[in-house]
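Engineer: The numbers in the working numbering rise by one with no breaks, and the one at position 55 of the sequence shown is 55.
Read the hints as simulated data drawn from the structure, not as lab findings.
Just to be clear, a hint being listed does not mean it is correct.
Stated by the list, open to error - Calculated lysine to aspartate or glutamate pairs in the EDC-like style (CA-CA distance at most 16 Å, straight line): (1) Lys49 <-> Asp15; (2) Lys6 <-> Asp65; (3) Lys6 <-> Asp35; (4) Lys6 <-> Glu41.
What the hints assert, rightly or not - Using C-beta positions, here's what the derived DEER-type ranges look like: (5) Ser140 <-> Tyr67: 27 to 33 Å; (6) Ala85 <-> Asp153: 31 to 37 Å; (7) Asp86 <-> Gln145: 33 to 39 Å; (8) Ser117 <-> Asp35: 21 to 27 Å.
Glycine included, every Cβ here is placed at the ideal spot set by N, Cα and C.
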Amino acid sequence: EKGCHKFIIAIPDSDAKFDDDRAMYTTEQRLEICDDYLKQEGLEGKAVKLQKGEPKITIKRTLWDAYNMFGPKIRPVYIVGPDRADLFFKNKEFGTDETTTFPEKMVLADRGEDNVSGTKVRELIRKGDVDEIAEMTGYSKQIAQKLVDLREDNLEEN
Numbered sequence: 001e002k003g004c005h006k007f008i009i010a011i012p013d014s015d016a017k018f019d020d021d022r023a024m025y026t027t028e029q030r031l032e033i034c035d036d037y038l039k040q041e042g043l044e045g046k047a048v049k050l051q052k053g054e055p056k057i058t059i060k061r062t063l064w065d066a067y068n069m070f071g072p073k074i075r076p077v078y079i080v081g082p083d084r085a086d087l088f089f090k091n092k093e094f095g096t097d098e099t100t101t102f103p104e105k106m107v108l109a110d111r112g113e114d115n116v117s118g119t120k121v122r123e124l125i126r127k128g129d130v131d132e133i134a135e136m137t138g139y140s141k142q143i144a145q146k147l148v149d150l151r152e153d154n155l156e157e158n
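Using the sequences plus the hints, can you model the full thing?
Structural biologist: As structure tokens, this is what we get:
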């Protein structure tokens, strides 16, 4: 809708211990889920691990990955949720005015007609309700099932 056709999804690396509320998946599992989603939707792109460290440096590395993956004729757009907007867009290290070379910025605040929240989705994942996950999020049943299965695997291991 906004003219974005090629994607790099940057997943922050985390060594957080399994938590059935906020940390249901490992970094590798989150990468896998995103890659599967892009493929299923027919979108060109890749999920990459955003290394730990200074956000300014790790974001530049991610942009470099995009150039290497898609070539120099790309339109970098950073899309973040409203909970991360201040970190990425109002921090003076990233530039706060129109004269900076920081890529285009977009805050994804629309939760759709059903006002889908991460809390609601995690609750459905814990219940194992694949049909409701798919309906609420717009994900395919295959992706919804993967979310449930990976969580159950992690529960068994922890």
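Engineer: If any of the earlier hints don't hold here, list their numbers in rising order.
Structural biologist: none
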